[in-house]
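A.B. asks: Sequential numbering of the sequence shown, starting at 14, is according to the working numbering.
Treat each hint with caution, since some may be false.
The following label-pair restraints were derived from C-beta to C-beta distances [claimed, not checked]:
# : residue 1 : residue 2 : range
1 : 63        : 207       : 19 to 29 Å
2 : 181       : 20        : 23 to 33 Å
3 : 76        : 17        : 38 to 48 Å
4 : 215       : 94        : 11 to 21 Å
5 : 21        : 75        : 31 to 41 Å
6 : 105       : 167       : 27 to 37 Å
7 : 219       : 119       : 14 to 24 Å
8 : 188       : 16        : 44 to 54 Å
9 : 53        : 100       : 32 to 42 Å
Read the hints as simulated data drawn from the structure, not as lab findings.
Because the structure is a prediction, the values reported are computed rather than measured.
Ideal Cβ placement from N, Cα and C applies to all residues, glycine included.
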Amino acid sequence: TGTCEDTQYLLMEWVRTSKSDPAFSKKLGEGLAELHMHTQKEFGLDVNNYISVLPQNNENEMDWTSFFIQKRLEPMVQRAYYEGHISENFLREFRMIYPKLKGFFPYEKPSLLHGDLWSGNVMVNSLGLPSLIDPAVYFGHREMDLAFSKLFGGFDPSFYKAYQEVFPLDPGFEQRVEVYNLYPLLVHLNLFGSSYLSGITRVVKKLLR
Numbered sequence: 014t015g016t017c018e019d020t021q022y023l024l025m026e027w028v029r030t031s032k033s034d035p036a037f038s039k040k041l042g043e044g045l046a047e048l049h050m051h052t053q054k055e056f057g058l059d060v061n062n063y064i065s066v067l068p069q070n071n072e073n074e075m076d077w078t079s080f081f082i083q084k085r086l087e088p089m090v091q092r093a094y095y096e097g098h099i100s101e102n103f104l105r106e107f108r109m110i111y112p113k114l115k116g117f118f119p120y121e122k123p124s125l126l127h128g129d130l131w132s133g134n135v136m137v138n139s140l141g142l143p144s145l146i147d148p149a150v151y152f153g154h155r156e157m158d159l160a161f162s163k164l165f166g167g168f169d170p171s172f173y174k175a176y177q178e179v180f181p182l183d184p185g186f187e188q189r190v191e192v193y194n195l196y197p198l199l200v201h202l203n204l205f206g207s208s209y210l211s212g213i214t215r216v217v218k219k220l221l222r
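Produce the complete structure using the sequences and hints provided.
C.D. replies: Next comes the structure, spelled out in structure tokens:
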């Protein structure tokens, strides 16, 4: 990164593309598992960053649930209210799910995450192997990346199989996916508007039953 006159810039590696290798999805699953094995003591990062154009608060927390609520859900739901995407009543209702999340997530050490893992951020490099782009990196619960990967159709089944063989998940992940994805759905609500609200509402109502 740098500044030239009054313009800021970001220099990135040029990824030359080609046809994907037959083992592309398997390699992607194995590579993500290896990425997630990088850890530190706290959830967060030493700097704040962005997810798309939205600020992402990475101030450290020892507890994942506290980090998820205070540094992920709450800033985005506040922004949604400020921007007029949700009502005051829904803001109040959304905050009622926070006590429900205590004890909801399995214990994990903080993992280095891509943070914005969907198919549009995966490229095929010149060797036919995966290259990840456009991260919103931080140390978080590794299930966040895997849940995000399922939000817009998911990856090939061999990706998830390969991941599980390298770094198995705790049972019940499929039931936790929609809760993790409240964060990217709130991000999309703030970026693109009310078409993403129904998915958020459905999960909130389910948690409050």
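A.B. asks: So, for every hint listed, does it hold in this structure?
C.D. replies: So, going through the hints one by one against the coordinates:
Under the hint 19 to 29 Å, the C-beta atoms of residue 63 and residue 207, about 23 Å apart, fit the expected range. Distance hint for residue 181 and residue 20: a CB-CB separation of about 47 Å, inconsistent with the stated range 23 to 33 Å. For residue 76 and residue 17, the Cβ-Cβ distance of about 42 Å falls inside the hinted range of 38 to 48 Å, so the restraint holds. The beta-carbon spacing between residue 215 and residue 94, approximately 19 Å, falls within the hinted interval of 11 to 21 Å.
In this structure the supplied range 31 to 41 Å holds for residue 21 paired with residue 75, their Cβ-Cβ distance being about 34 Å. About 33 Å separates the C-beta atoms of residue 105 and residue 167, a value consistent with the hinted range of 27 to 37 Å. The supplied range of 14 to 24 Å is met by residue 219 and residue 119, whose beta-carbon atoms lie about 19 Å from each other. For residue 188 paired with residue 16, a C-beta distance near 47 Å keeps the hint of 44 to 54 Å intact.
At about 39 Å, the beta-carbon gap between residue 53 and residue 100 stays in the expected band of 32 to 42 Å.
Checked against the numbered hints listed earlier, the structure breaks hint 2 alone; every other hint is satisfied.
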